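Participant: Taken in order, these protein sequences are the chains called A and B.
Taking my numbering, the leading residue of the first sequence gets 7, the next gets one more, and so forth.
Taking my numbering, the leading residue of the second sequence gets 60, the next gets one more, and so forth.
Since the hints were made in silico from the structure, they are not lab data.
Everything numeric in this text was worked out from a predicted model, so none of it was measured.
Relax, there's no trap hidden among the hints.
Taking beta-carbon pairs under 8 Å as the criterion, some of the chain B residues facing chain A (in silico): (1) Thr70; (2) Arg75; (3) Tyr106; (4) Asp245; (5) Ser284; (6) Glu285; (7) Pro287; (8) Met323; (9) Ala325; (10) Leu340; (11) Gly345; (12) Phe360; (13) Asn405; (14) Gln441; (15) Phe479; (16) Ile483.
Glycine included, each C-beta is placed from N, C-alpha and C at the ideal position.
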Amino acid sequence: MSTGDTEIGKNDLQNELLSIIEGLKEQPGALLPILHNIQSLFGYIPEEAIPLIASTLNISRADVHGVISFYHHFRRTKPGKHVIQICRAESCQAMGAVALEQHVKSVLSIDYHETTNNGKFSLEPVYCLGNCACSPSIAIADEVYGDMDTDKFDQLFNSLFFTPAKAGAI
Amino acid sequence: MTLKVYVPRDTTANARGANKIASLIERLALNHGVDIKLVRNSSRGLYWLEPLVEVDTAEGRVGFGPVSEDDVTSLFEQKFYNGNSYHRLCLGLVEDIPYLKNQQRLTFARAGITDPLSIEDYIAHDGFKGLENALKLSSQEIVDQVKTSGLRGRGGAAFPTGIKWQTVLDAPAEQKYIVCNADEGDSGTFSDRMILEGDPLVLIEGMCIAGLAVGATQGYIYVRSEYPLACDLFNYAITQAREAGYLGDNISGSGETFNIELRMGAGAYICGEETSLLESLEGRRGMVRVKPPLPAIEGLFGQPTVVNNVISLASVPIIMHKGADYYANCGMGRSRGTLPLQLAGNIKQAGMVELAFGMTLRQLVEDFGQGTRTGKTMRAIQVGGPLGAYLPESLWDLPLDYEAFAEAGAVLGHGGIVVFDETINMTDMARYAMEFCAIESCGKCTPCRIGSIRGVELIDKLCDPKQRSQKQANLDLLDELCDIMEDGSLCAMGGMTPFPVRSAIKYFEEDIDSR
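Bound-form chain A, shown alone (with noise of 0.2 Å):
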């Protein structure tokens, strides 16, 4: 990539980031609707963010950081293309979770908060789905499955990433 093109991309980004950033700014306690706007353009919080909406909302730098490392949901790193949150919760501990979490992490060869190699698969915990009447629960972009047991999360697992129609999406 030239020197050229990389200028170009960050000013897209730049600017991408700025009218998300400008067309919040007004709301009464801007910076979480930011954040969430940011994170579901990009998956995560890119760095160059930072600094931009530090300045726009008068704040320091270090306020943004430290409102981004506070929360779970808010990521700094690129996430896998999928991301796979499984619940940890009581409910789900009492129907097999534990069992269910090893399962899914020697599956993927990840532990949580991680990424698989390929930039396939993220895996995080969740500390409840809503979803305690069929637990154990995990979710997968913002689709939740109950019943969980490693059986069907393998049949699960295959069925949406790995099925011919579907080997494409991955």
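Using the hints provided, position chain B relative to the given structure of chain A.
Facilitator: What follows is chain B alone, placed relative to chain A:
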């Protein structure tokens, strides 16, 4: 004639396949040349029967469930849409299913019946009648009605709602706020989600009435980011209510103003604590504030603020519609009205059960829940979320009542009931309670931030076979640590984490040695 077929749109119903069933039914109706209108109603809360497909008949709604994709063809072959009862999944009249029939649905009167996206449907089922009555009253008269109803905060703290409203009403200010706490983070709870997804307009109506009662013109609802469907449906309901004139600058032509904005949380359990929630709404880290000042005096942006849970606010419309006495006539002692209980974990018939206070825990898990899902012996029940005590069988005859639970060192909290069978190791659960506190602590006070980490370490020592000789000393130390956390923490996070820890050790001490 167009036949109405209902398939719920609800996170759990969808997790059990409702979306797929809905599109299959639409496709097969076309193939069979049957004229149906598919309604995406909300869930009745009978989750083990989801996806629960219902059809309108002259006698009432007939249900079929749980419907799998493989069942849809045979349902059509047997003309289920006429309410024919011979399909093996037919449950008869839904209203007659004992699990539903034996409940007292006040707050959830419309659950599963209406289309949550239809304001016409809401109005046709007594919607906005509470608001109409409230608009005829003075602020003080509304507050008095809520006081008389005996309604107490359903988020967990059970503080009398009317008293909180009175404090805000009496606080002079240019701008006051209504904040709805929909950061439902307790494991085993989903009743807030059911309102947000299933009857969002009742919450909008409740927030409006609260605004009229205290003189607030702006409301915020703080919904956790783990509830994306709830956020979408609630935002849709806000738009509908605004367009129909129930929100905005002239509510129902009264000249009164009230607006609502939804804000999304970001995966922090602590933001369910009211002052942490306010910090988060203001765009900061969710660090707990020192009280006083109470949020009712100095809340959001420093202004007097009502912070109420979803269920508290969603119970207000029926109080204003049917009268404070109608609501107060249910319940026992100082616990008036109904509580939506949520049966979760290892339970056969999981779901939402709205009941007047007073039934025992055993009746609930046995009569409604029908025992464990695994079929093994029930061993422990955690009531009230991750900060609630684990109760052994000897305490299952406690009546569901705030005071009775408090006396037993337990809490009803937000009504979450998580059942465990005999395969659970309760020392693991005690360790998890400390670990959860360490992960979710806001970090402002030392007993919570550091105490929880020392707690995890201590429980690990307890379980270490090499340190068996030190067991009593470690137990004493854990007890002392729990005292410090209870007495010294700023909020319930650190202050109540000892509840599950102590109860898991006290009632299930034998589990330490099997680790």
